[in-house]
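Chemist: Here is what each chain is made of, one letter per residue.
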Amino acid sequence: MLYGSTMIKVHATTPRLEKALGRLGIKASTAIQVDNTIYFSGLTGVDLETGQAIPGGTGAQARHTLQIFSDILGDLGMSLDNVVKVNAHLVNLEDFAEWNDVFTEVFEAPYPCRTTVGAPLIVGLIELEITASLEPRR
Amino acid sequence: MLYGSTMIKVHATTPRLEKALGRLGIKASTAIQVDNTIYFSGLTGVDLETGQAIPGGTGAQARHTLQIFSDILGDLGMSLDNVVKVNAHLVNLEDFAEWNDVFTEVFEAPYPCRTTVGAPLIVGLIELEITASLEPRR
Amino acid sequence: MLYGSTMIKVHATTPRLEKALGRLGIKASTAIQVDNTIYFSGLTGVDLETGQAIPGGTGAQARHTLQIFSDILGDLGMSLDNVVKVNAHLVNLEDFAEWNDVFTEVFEAPYPCRTTVGAPLIVGLIELEITASLEPRR
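Residue numbers (our numbering), protein chains in the order written: chain S, 54 to 191; chain E, 54 to 191; chain V, 54 to 191.
The set of hints was computed from the structure by calculation and includes no laboratory data. Worth double-checking, as some hints may not be accurate.
Pairs involving identical chains hold if they fit within one copy or between any two copies, as the list cannot separate such chains.
[Said to hold, decoys possible] With a cut-off of at most 20 Å between alpha-carbon atoms, the simulated DMTMM-like pairs for lysine to aspartate or glutamate come out as follows:
#1 Lys62 with Glu188
#2 Lys80 with Asp154
#3 Lys72 with Glu151
#4 Lys72 with Glu147
#5 Lys72 with Asp100
#6 Lys80 with Glu158
#7 Lys62 with Asp100
#8 Lys72 with Glu102
#9 Lys62 with Glu147
#10 Lys80 with Glu102
#11 Lys72 with Asp148
#12 Lys72 with Glu188
#13 Lys72 with Asp128
#14 Lys80 with Asp134
#15 Lys62 with Glu151
#16 Lys62 with Asp154
#17 Lys80 with Glu151
#18 Lys80 with Asp128
#19 Lys62 with Glu161
#20 Lys72 with Asp124
#21 Lys80 with Glu147
Chain S on its own, in the form it takes in the complex (with noise of 0.2 Å):
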């Protein structure tokens, strides 16, 4: 569902994500877009079927929050080359290389700006947000 005129687009949700929300129960948005700038919902490495998350530990689950991004991306006509920047929460931070190793596997230079941080975390052991830009980095 899109909502908005020419300065603000409001993407409730995005058909691929569609279902898998409503089931979760979501409400936020999936992402905004203000001028140029799109911002997003925090997402886990949850299986949109069941909410949980997968296994497989911190790398695992952030593949998998970056392919969902990269799934809304694509529903917006975007794709990972449009992330600007990455706000990235860790519950164990000796898990950092895991997750460093994900960003650099998953982006390609020039990458986005980053800031990860440690936190508890309601599900998952790892929690990104992303900003987008309308206009590819790359």
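Chain S is already provided as a structure; the job is to place chains E and V on it using the hints.
Modeler: Okay, now just chains E and V, sitting in the frame of chain S:
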């Protein structure tokens, strides 16, 4: 107090909050607009007279914090309908349902984007930071 | 290294930091501009030669981190006067007053917006992320 030009507008305080913020010794600006996006300082559910967290737990503090943001947005000619993103930090993750209830009661569809993580806080049980758009999302 | 067009400009590194960031293996971009907003990667108070947190505690590390941001902003033709928002993560919440003192000494009124929460960190005692505007706030 308002500073700025066409590209940027700095709201060091807003009329309804000026006295309280001065009394609490808060020097960070309340809100700064760049293009059509308005950035805000994070807030928690404190009594603006005393600086102490209000009683009633996470849900009550969340509601109070959003009321303060609503007042600030009102001073700027906007409302909670202009909020595009909410970043929430919870001291007790088990209070997520309480926070989620307030979020869905106070905002209306289409909802803002949202990220919620756990974090120790200086005051109170929930810290909220909002980002708004000059044009409302609904 | 600068990539981009009129809508987006990617600063993978900036001249004064290029050697240090390469040595530390940091692949995230230093700063990316979308419209008139510039997003930055989070930084902590590390010695750029060694990657180790500098001595002196939270206040000293906060001051050092802001100096690195000041250098980066200088490379981009800006200064700390262009900062519109500071997101701070503190390992020890009892150091808030120390951080607040540095914030009010290093920045000048009208101040940026600010959010401060607690968080475990990979290196150091304080992590700062800034958002800037192409036009200074003062």
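Chemist: Hints first: check each against the structure and report whether it holds.
Modeler: The hints, checked one at a time:
1. Lys62 with Glu188: both (15 Å within a copy, 10 Å between copies)
2. Lys80 with Asp154: Between copies only: 11 Å across chains, 32 Å inside a chain, cut-off 20 Å.
3. Lys72 with Glu151: Answer is neither: 31 Å inside a copy and 24 Å across each miss the 20 Å cutoff.
4. Lys72 with Glu147: Result: close neither inside a copy nor across copies, 35 Å intra and 26 Å inter.
5. Lys72 with Asp100: within (13 Å within a copy, 41 Å between copies)
6. Lys80 with Glu158: between (31 Å within a copy, 11 Å between copies)
7. Lys62 with Asp100: This pair counts as neither: shortest intra-copy Cα distance 27 Å, inter-copy 35 Å.
8. Lys72 with Glu102: Result: close within a single copy only, 9 Å intra versus 46 Å inter.
9. Lys62 with Glu147: Answer is neither; intra-copy 38 Å and inter-copy 33 Å both fail.
10. Lys80 with Glu102: within (16 Å within a copy, 34 Å between copies)
11. Lys72 with Asp148: Classified as neither: same-chain Cα gap 32 Å, cross-chain 26 Å, threshold 20 Å.
12. Lys72 with Glu188: neither (28 Å within a copy, 28 Å between copies)
13. Lys72 with Asp128: Cα proximity of Lys72 and Asp128: one copy only (14 Å, versus 39 Å across).
14. Lys80 with Asp134: between (27 Å within a copy, 15 Å between copies)
15. Lys62 with Glu151: neither (35 Å within a copy, 29 Å between copies)
16. Lys62 with Asp154: neither (33 Å within a copy, 25 Å between copies)
17. Lys80 with Glu151: between (31 Å within a copy, 14 Å between copies)
18. Lys80 with Asp128: Result: close within a single copy only, 18 Å intra versus 27 Å inter.
19. Lys62 with Glu161: Answer is between; shortest inter-copy Cα gap is 16 Å, intra-copy 27 Å.
20. Lys72 with Asp124: within (14 Å within a copy, 36 Å between copies)
21. Lys80 with Glu147: between (33 Å within a copy, 19 Å between copies)
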